[in-house]
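For the protein sequence lines, the chains are D, L and A, in the order given.
Our numbering puts the first residue of the first sequence at 1, with every later residue one more than the last.
Our numbering puts the first residue of the second sequence at 1, with every later residue one more than the last.
Our numbering puts the first residue of the third sequence at 1, with every later residue one more than the last.
Do not take every clue at face value.
Here are the computed lysine-lysine pairs in the DSSO-like style, where the Cα-Cα straight-line distance is at most 27 Å [what the hints assert, rightly or not]: (1) L:K145 - A:K118; (2) A:K139 - L:K273; (3) L:K305 - L:K382; (4) L:K54 - A:K298; (5) L:K217 - L:K421; (6) L:K273 - L:K174; (7) L:K174 - L:K145; (8) D:K37 - A:K298; (9) A:K177 - L:K273; (10) A:K118 - L:K273; (11) L:K308 - L:K340; (12) L:K305 - A:K298; (13) A:K298 - L:K308; (14) A:K118 - L:K174.
Since the hints were made in silico from the structure, they are not lab data.
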Amino acid sequence: MSFALANTIGAVFAAPVRWLAASIDAPLRLWQRLTGKGGMIAFFLMPNMIVFGTFVIIPLFINFAYSVTGGNELFLTDRSFVGTQHFDRLLTCDNHFDPSSCRDDLFWTAVWNTARFVVVQVTTIAIVAMGTALILNSKIPARGFWRAVFFFPVLLSPVVVGLIWRWILQRQGLLNFVMIEMDLTPVNWLIERDWAFVAAVGVSVWAHVGFYALILLAGLQAIPRDLYEAAEMDGTRPARVFFRITLPLLWPNLLVVIVLALIRAVQIFDEVYVLTGGGPGTSTLYLTQYIYEIGFASILRNPGLASAASLMMGGVLIVLTLGQLGLQRWRDRA
Amino acid sequence: MKRTAYRLTIAAAMAAIMAASPALAEEVRIMWYSDGNEGEVMQDLLDRFMADNKDITVVLDNVSYQVVQEQLPISLAAGEGPDIARVTNLKAQAEHWLDLTPYVADPEYWRANFGGQADWMRPDGSDAITGFMTQLTVTGGFANKTLYEQAGVEIPGPDASWDEVVAAADQVAKSQGLIAAFALDRSGHRLSGPAVSFGANFIADDGMPAPVDDGVKAFVSRMVQWTEEGKNLKDVWVSAAGSTYRAAADDFINAQIPYYYSGSWQIANLATKIGNGFDWVATGSPCGGAACSGMAGGAGLLAVKYTKVPEAVGKVMDYLGSAEIVKEFSERTLFLPAHKGVVEAGNLDFQSDDPNVKAALSAFVAASGKIAPNASALSAWKWANAYYGALVTRTSQAMAGELTLDDAYARMNDDIAEQVKQAGQ
Amino acid sequence: MSRIATFLTRRRGDGGRWHWTDVVTWLWLGAGLILMFGPAIWLVLSSFKTPAQLAEFPPTILPYVSETVAVTLNGETRNLPLYDVILSDGSADQLAELRRVGTVAQMIDPADPETVIKVPITDRRPVREVGFAWDNYLKPLEAFNFGQYLYNSVFVTVTATIITLITNSMAAFALSKYEFRGRNAVLLIIVATLMIPLSVNLVPLYSVISTLGLQNTLWGVILPTVATPTGVFLLRQYMLTIPDELIEAARMDKASEWQIYYRIVLPLTAPALAVLAIFSVVWRWNDFLWPLIVLSRKELFTLQVGLNTFAGELNVQWHYILAMTVATMIPVVIVFVFLQRFITTGIAGTGLK
Numbered sequence: 001m002s003f004a005l006a007n008t009i010g011a012v013f014a015a016p017v018r019w020l021a022a023s024i025d026a027p028l029r030l031w032q033r034l035t036g037k038g039g040m041i042a043f044f045l046m047p048n049m050i051v052f053g054t055f056v057i058i059p060l061f062i063n064f065a066y067s068v069t070g071g072n073e074l075f076l077t078d079r080s081f082v083g084t085q086h087f088d089r090l091l092t093c094d095n096h097f098d099p100s101s102c103r104d105d106l107f108w109t110a111v112w113n114t115a116r117f118v119v120v121q122v123t124t125i126a127i128v129a130m131g132t133a134l135i136l137n138s139k140i141p142a143r144g145f146w147r148a149v150f151f152f153p154v155l156l157s158p159v160v161v162g163l164i165w166r167w168i169l170q171r172q173g174l175l176n177f178v179m180i181e182m183d184l185t186p187v188n189w190l191i192e193r194d195w196a197f198v199a200a201v202g203v204s205v206w207a208h209v210g211f212y213a214l215i216l217l218a219g220l221q222a223i224p225r226d227l228y229e230a231a232e233m234d235g236t237r238p239a240r241v242f243f244r245i246t247l248p249l250l251w252p253n254l255l256v257v258i259v260l261a262l263i264r265a266v267q268i269f270d271e272v273y274v275l276t277g278g279g280p281g282t283s284t285l286y287l288t289q290y291i292y293e294i295g296f297a298s299i300l301r302n303p304g305l306a307s308a309a310s311l312m313m314g315g316v317l318i319v320l321t322l323g324q325l326g327l328q329r330w331r332d333r334a
Numbered sequence: 001m002k003r004t005a006y007r008l009t010i011a012a013a014m015a016a017i018m019a020a021s022p023a024l025a026e027e028v029r030i031m032w033y034s035d036g037n038e039g040e041v042m043q044d045l046l047d048r049f050m051a052d053n054k055d056i057t058v059v060l061d062n063v064s065y066q067v068v069q070e071q072l073p074i075s076l077a078a079g080e081g082p083d084i085a086r087v088t089n090l091k092a093q094a095e096h097w098l099d100l101t102p103y104v105a106d107p108e109y110w111r112a113n114f115g116g117q118a119d120w121m122r123p124d125g126s127d128a129i130t131g132f133m134t135q136l137t138v139t140g141g142f143a144n145k146t147l148y149e150q151a152g153v154e155i156p157g158p159d160a161s162w163d164e165v166v167a168a169a170d171q172v173a174k175s176q177g178l179i180a181a182f183a184l185d186r187s188g189h190r191l192s193g194p195a196v197s198f199g200a201n202f203i204a205d206d207g208m209p210a211p212v213d214d215g216v217k218a219f220v221s222r223m224v225q226w227t228e229e230g231k232n233l234k235d236v237w238v239s240a241a242g243s244t245y246r247a248a249a250d251d252f253i254n255a256q257i258p259y260y261y262s263g264s265w266q267i268a269n270l271a272t273k274i275g276n277g278f279d280w281v282a283t284g285s286p287c288g289g290a291a292c293s294g295m296a297g298g299a300g301l302l303a304v305k306y307t308k309v310p311e312a313v314g315k316v317m318d319y320l321g322s323a324e325i326v327k328e329f330s331e332r333t334l335f336l337p338a339h340k341g342v343v344e345a346g347n348l349d350f351q352s353d354d355p356n357v358k359a360a361l362s363a364f365v366a367a368s369g370k371i372a373p374n375a376s377a378l379s380a381w382k383w384a385n386a387y388y389g390a391l392v393t394r395t396s397q398a399m400a401g402e403l404t405l406d407d408a409y410a411r412m413n414d415d416i417a418e419q420v421k422q423a424g425q
Numbered sequence: 001m002s003r004i005a006t007f008l009t010r011r012r013g014d015g016g017r018w019h020w021t022d023v024v025t026w027l028w029l030g031a032g033l034i035l036m037f038g039p040a041i042w043l044v045l046s047s048f049k050t051p052a053q054l055a056e057f058p059p060t061i062l063p064y065v066s067e068t069v070a071v072t073l074n075g076e077t078r079n080l081p082l083y084d085v086i087l088s089d090g091s092a093d094q095l096a097e098l099r100r101v102g103t104v105a106q107m108i109d110p111a112d113p114e115t116v117i118k119v120p121i122t123d124r125r126p127v128r129e130v131g132f133a134w135d136n137y138l139k140p141l142e143a144f145n146f147g148q149y150l151y152n153s154v155f156v157t158v159t160a161t162i163i164t165l166i167t168n169s170m171a172a173f174a175l176s177k178y179e180f181r182g183r184n185a186v187l188l189i190i191v192a193t194l195m196i197p198l199s200v201n202l203v204p205l206y207s208v209i210s211t212l213g214l215q216n217t218l219w220g221v222i223l224p225t226v227a228t229p230t231g232v233f234l235l236r237q238y239m240l241t242i243p244d245e246l247i248e249a250a251r252m253d254k255a256s257e258w259q260i261y262y263r264i265v266l267p268l269t270a271p272a273l274a275v276l277a278i279f280s281v282v283w284r285w286n287d288f289l290w291p292l293i294v295l296s297r298k299e300l301f302t303l304q305v306g307l308n309t310f311a312g313e314l315n316v317q318w319h320y321i322l323a324m325t326v327a328t329m330i331p332v333v334i335v336f337v338f339l340q341r342f343i344t345t346g347i348a349g350t351g352l353k
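Only chain D is shown next, with the shape it has when bound in the complex (with noise of 0.2 Å):
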């Protein structure tokens, strides 16, 4: 059913796109003519390349600017010079790992919980993700109905997704009812610090695990079947299969997803934010929230001091891209 309405709005469309495209095509004949070769691909890279340059690669060297400036102004014009001010104040501190000994304490609070974050989450979505995938591998029953089950929260948007849980998570929700009755304490999930992190770990796997998972199990089903086979003849223990046949031939794409799940997860906001607004206190106050709150949610604005912070951020997704895209290379020649 749903490649035919699929294939219905395609057709709906194709025509008029390709009458769009037809009445281009003269114009564009004489673009070719005058500039050969190498002036259509101008034309087929210039609309990409400008949107990346006035978004991207513009406002990064921007940022640059903003970092070792001062002030409240929003426009760079406004600004004066500080020199390192900003990069001093986020990197000062008696000791590192100790946040109240920095001079900026909420920047290395952000900076840990996002570590503690990535580190927990993104074993747990790699866990959770790779056990979905061999289940749904293996011989079930309506597995299109079960893989629909494990990605439906993939799609729901993360304000969904945060007020979702709230409702289920706060003082008199649903989850302290069913620990009630079953006999259990009930807890303030979204109130103690501990929990708090908890729960944004587990929101946000929830609402990402499907997606990873669908990844994993591309990689499982491309795994030749003659040699399960020839492994369930020879009545190797399950354990064994794994550990031994599937993990060593999913590991390029294990790896890929992890990156993945790195790069996403130091970037955390939009879930955690909703759920928690940062909070208790400022346990599931992450990095992005810091910048966004830095730079534009308060009444005196810093964006110096943001700019400073997410360029710190940016280094760190550097090295993370550089590596998955050096997996990609390792993965495509293996």
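Following the hints, complete the assembly by docking chains L and A onto the known chain D.
Structure of chains L and A alone, referenced to chain D:
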């Protein structure tokens, strides 16, 4: 035939476009937020204005308080924004307000009736007319009379200290099985009145922020202790980070807490939502060692400097600032007016059958007379916001157990110093 | 029938024995079903409850509507909820509740409205039946401007996706089918873009948008998001597999480069385009932080920003918040039901090369 069809299509399209655009009417946008029913009242008043002034269309953008706090400043910094805005951060954004003196019909009228708070909304030393206060508010407490009666506890009188008030509320909470004894809105402004009651002074002799003093410490340490003891409703303060605003009104409305420290702007909201669910009273501000003070404040309606239609804005402001309209607005929204003439004429017929409302309003009027000088100076002080932000962020961290009290005080001073430094660059 | 039963319950273990992997499998699937669908179902059920019901703890699964009785008090007739009450003398009765404060409810007998009987709340149970509080949806739908927000979200999503598909495919075409001097440099720039997500550039991006006059417009929300390096790489990978002979043959037939692009390459890339379209739709529909920063005029809010603001305004009026959350969820669920298969096979198919 084809050409005629083509021409007809063009003509029809143009006619449609003409019809769609309002006939050269000037559009004035007002960014507004509501605590209670002010949005509907204002829309009604504006509809009447538009009926009499066909060449001006006024669009009332009723947004949430969060938008006014967080999004509006960004727009203003970009040199954009609505034409008029209802704002509580008056002084901190003073550079963005329009001087209405050339655009209003009678500047003297404005100076006479709204001059008292004019300094709250213009840069130091200026004599511009930038707008007016939609209401004057005073912070103070509300008590759930029915709960106190059921618990057999007397509501502490106007001279009771904070310790006594919290102890009484705690008794009620324990007897009635409630989740906490009292709650405060998550706001530095709310903390300031009680801090001043304990002798705090935020303003140093040179007009710059003074370090956190004993008065502040006395109240903040009490708040943290009451949170640890479960008397203060932890959820309100601990459930967000930074200086995000959270009101604790709903917990009071749902009869979950017997005592709620907020302010007079909540009266309409409480009347509507509580209905006759229970009896409630306004109690004024409890006493610290030095005073029994709340904080004055209110939301102002300000003209924005970047408007493209200043004359139209002037007309709208003249209408909304006129005595009859201010009187009607106040009566329907249950706000205390700021208009000197209206206040002196008296005889405000607040439109509510709820007996609690009239009593509460009188209580707040009485409380406004008890505002300490240290507190009233804050409304016109340009660094007030820096102080409030620091107070809120660090107190909430102390309540969550993340910072010790001494660390919190040190951080507050540091935050304020950083704000001052940035603003000076 | 028995064949179906065998099919549904097939297990790894031989005959009818349960292998431990079967147990784990079914537990996992069961847990998955409850955890993934459960919260959404709970959300929908809760959204139909009245505020009084929402405040109840322990909560009920289904929404109930209290039976009411009309009582005339002081000349006024009101509908008061009915309760089954156990009185202090042990007898049971049905009373109407006037109001409830703390642990004591003030109740009256409908036959004798003047006498108020005080009953502790633990001794009473509401008389009610399953019913849906549709008001939760109707009231805020006027206030919440749902239609406008929906339109904005759809506009942003559709426009962004179309632009993304066009620009990304053009760039991918140039990078896959042509050899030219600056090619590696361009690839490098795109890789660089991959490393700098929007969250790193928030502040300067906002000033660029403002300088272009796009702040507080939907185009300001759309334009920075259309250049997706993932999209370019995805399409490029796919286009690389298109044999060059096709293109050479077309050139010999005097086709222009543009014609080669839209007549030959683009249709052949359709599967990858479909996947990119799906990604783009999901990303743009769910965008939150950037629209939050760019938009401050209420009528321009996308659904996500609108819902967040709405939830912030109402603070704890959950009956409205829940209803509007469900309303925001519905378009996605509809798309999901119809296109789910398409989406999951698409993502799995490309395996995110």
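Results of checking the hints against the structure:
| no. | hint | verdict |
| --- | --- | --- |
| 1 | L:K145 - A:K118 | 17 Å, holds |
| 2 | A:K139 - L:K273 | 15 Å, holds |
| 3 | L:K305 - L:K382 | 19 Å, holds |
| 4 | L:K54 - A:K298 | 25 Å, holds |
| 5 | L:K217 - L:K421 | 24 Å, holds |
| 6 | L:K273 - L:K174 | 25 Å, holds |
| 7 | L:K174 - L:K145 | 16 Å, holds |
| 8 | D:K37 - A:K298 | 48 Å, violated |
| 9 | A:K177 - L:K273 | 67 Å, violated |
| 10 | A:K118 - L:K273 | 23 Å, holds |
| 11 | L:K308 - L:K340 | 30 Å, violated |
| 12 | L:K305 - A:K298 | 21 Å, holds |
| 13 | A:K298 - L:K308 | 20 Å, holds |
| 14 | A:K118 - L:K174 | 20 Å, holds |
Figure legend: structure checked against the earlier numbered hints; hints not met, in rising order: 8, 9 and 11.
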